[in-house]
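Asker: From first to last, the protein sequence lines stand for chains A and B. Using our numbering, read the first sequence as starting at 2 and increasing by one per residue. Using our numbering, read the second sequence as starting at -5 and increasing by one per residue.
It is worth saying that the hints were derived from the structure and are not from the lab. Treat the numbers as computed from the prediction; the structure is a model and nothing was measured. Take the hints with a grain of salt, since some may be wrong.
[What the hints assert, rightly or not] A short, non-exhaustive set of chain B residues, derived as facing chain A with CB atoms under 8 angstroms:
#1 P19
#2 Y23
#3 N40
#4 A41
#5 R68
#6 A70
#7 K71
C-beta atoms are modelled at their ideal positions from N, C-alpha and C, and glycine is treated no differently.
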Amino acid sequence: MFLRRRLDREMQEEMEMHLAHATARLMARGLTESEARRAARQEFGHVDSLQEQARDARGSRWIESIIADARYGLRHFRRTPLTTVTMIVLLALGIGVNTALFAIVHSVVTLPPAGIARDDALVRLRGLVATPQRQWPRAREISYPELLEFSAQTQLFASVAGWTSTRVALDLGPAQGVIGGATYVTDRYFDVLGVRLTLGSGLPRSPAAGAPQLTAVISHALWDVQYASAPDVVGKTLKVNEIAVTIVGVAPRGFNGVDVDRFDQRVWLPLSARALTESTSQYAFASYDSAMFSAAARLQPGVQARHAVPTLAAIATRAAQETTERPDRSTFSADVAPVLIENEAPQPWFENELYAMAGVAAGITLLILIITCTNVSTLLVGLAVARRREIAVRLSLGASRKRIVRQLLTENMLLAVTAGSLALGILGSLLQYFSARFPALTLVLHWPTLLFTIGFAIATALVFGISPALHATRLAVSDVLKNSANAVARRSRLQSGLVIVQVACTQPLLVALGAFLLLTMAEANGARELPVRERILRLSFVPTSRGASPDQINADIIRIEQRLGTLPGVEKAVRQINSIWVVAASVHPADRIPGIEYKEGFNLTRQGAAPGYFELMNMPFVLGRELDDRNAGNENAIVIRRDMARALWGQANPIGRRIMSGTGSPADSMIGVVTGVIDDPGHDQFSLGDGYHVFTPDVRYSMSILVRTRGPAEPMISHIRAAVMAEAPHLPLSGATTLAASDAQSRARIIQATSAAGASGLLALFLSAIGLYAVVAFAVGQRTREIGIRTALGAKRGEVVGLFFYRGLKLSLIGLAIGLPLGLLALRIVSRTAGMPHASTPALSALIAAVVVLIGFLATWIPARRAATVDPLFALRTE
Amino acid sequence: MAPTGTPLLQGTLDLIVLQLLQAEPTNGYDLTLRIQAITKDVLNVNAGSLYPALYRLEQRGLIKATWGETENGRRAKVYSLTAPGRKQLADQRESWERFSGALAAILRVT
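Just chain A, same shape as in the assembly (with noise of 0.2 angstroms):
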């Protein structure tokens, strides 16, 4: 800057003593003073140009320059406010929204399983299957002397851990229990994955020999919900399938083991213990058939990954040859790979559905990254056309292309360092965000995305910034002056078309953010819940996987149901069946009704119900009756709902007609005749949508009991609680929860997940909006010349603004037009998975539809109206 200026002042004072040296010489000659320096100055040339030409020259001062530079971008910034807010708060969330996506996915596909730090030394040891058809080889799981055989080369590994999962019944006390995870494990099993436990000493090493050790280390998440994260739960006993064990430490928050599965309520033995705890056998942990083991290792200092695997595959070959034949001729091999989510299930379905979501929401971040940047481009093109007389002024006043360029390039920087910083606190709250909502994700922000993802912005802004501006140095000053508006126009009919697109893609996104919006409206105010459903609790049984056989546990549920029906304040108990069954469907064909057109194989969903379970839902009937002892002998008797009778019977009389299995052929077996029809106001939480729902008689095995209690049931819980424990102290009680509260806690989920779409459709509906705006902008700016004619010739000023306001409307409506049938889709996925009333749907999409049209309105009434401002003196004089 300072060396800037001192050398700006040399030169001027080197080019004044060249003058002054002129003159005299000229006035030696016998010229006046005046004359003399006229002259002097003629010969010279024009000082300024001069002066730029030599700025030029001297080049590598390019850091004051750039500061210059940045200045004039300033104060051109300033001049144009809304479009550059605009533009940076465009990149900005283009840019943070898209880094914010790749981290999740990122993290999902390569990142260590929650709880275990990235280190490379950490491998896990995988066993490989490959069969002749496949030419790929599958994870497969392996036995363990194979393991023992993998422990034994301490000339690779510096220790190694393997482990079995498994679903254990967890008894944690009186009436409490829950179905869990049980992963049995070598020594050191935590050492080698690094975890260090939160509470306790963790579990002892094995004896050479001598009797199983029966401690656990328990789950985060246990610890939380059945301890109410108690610190002196260490030294506490539970039963894991009815065997005690006691607790000698708590993992990590977030640590679930190295394999992803469903239960986070999760136990820890030692290997020894598996003996006592499951069915087991002695060939278990000694043939080599038995696979069931997964394995991971800490590598010896120096030695790769790659080093390994020659002998594991070896051992593996051995291992192969030592199990019974295996008929599909597959061969048997290992590797070493990272300790990684994405590769630790052996199932390659879990791989696939990883993918996909990966490959679609890398297609989303992708989409989101291109709409930002063409929007951006557009601002860009417009703003850089607008300029074009600045340029050529500053051209004929003898500045360099390479100087004008250089000006562009760092207003361009500028708007995206400003940009990239604003995109770093989005990026740093969606981050926040998803890590409070999904503990289980390690993010971690991965900075060669960030920033590939500003150099690709600053790469788009560039191009479509700087090509108008090239365009125009290279032209000559008439040239620019006369307005070549033809160049640009393939450009904006391109515009056009990714216009539309976004506002087709606004609409879907829309119904989420709809979605959103009603159900957490429904949620505050609670409309939804019926006041029957504050006074059923549901109260789920474990069922435990030794000792006592399903005869006895029925026996002991159908005992706790007649206790619970005689407690005061109990209205009725009625014990339910937690499994439901979809099967292919159709009527009878002599139980068809002439003029009702009938689908072979419709999804019918079979759901057991004990007598009384109608009352106790409030599902009165409206024909027939119910499915108690008067039907004994008439095992299939069925009761469908109101709306299914009325679908394939219309208003003949469903009863005594015959629903059969499959497509109905004679073939076929009978799935039941109807006995009774029921109204059915409010769903069970059975109710899968898609399809007809029937009752049937069948409830041997119930695992959970309905309690409908006189007042709300919610302050009824512990005393239910302790009539279950008094009744049968040895069932483990999992869950007692209203059916109100369990309606607004899935409610919670579905709000949950559209909370983030709806997010990305106020982002589509912003994005789209100045994707609107930006192309009416532009065209105004284009056609200045022939407005100012068409307004000098006597056109209207409403007129004018029609003219491009009409153009912006036609683009918003024909994207409404393609997005329709989308958002509709879209509404009807989300209605049935959420549960709204129809009623609200046709409200919803009109309400939707109105609303793009309202934006696309104003994106477009803005800059239109913006033509009806243009001076048709200034407009002809200017250009």
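With chain A fixed as given, assemble chain B onto it according to the hints.
Answerer: This is chain B only, laid out in the frame that chain A set:
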């Protein structure tokens, strides 16, 4: 602007400047006078091309500038040749001489 004078051949100004500065370090104004004096007013180099050329050469490290005083006591920027400048001059001179020799030969033949 220049009333008389032959237009300068492309690229020769650098050579002229380097050659004159090798003879004696001097300032910009002196340089214009010398060019005119030596070439007997045939070449008229105006300041508009001289100064950018000087800055360019300085930028490339072929000449360097120091502040000195002229005979009549004014502060002036004095340019002198650097070592790379000397080498560049020798190279350019050699190629120029070869070129002009060849040209002269052609002109004699036809």
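Asker: If you check each hint against the structure, which ones fail?
Answerer: Hint 1 alone not satisfied by this model.
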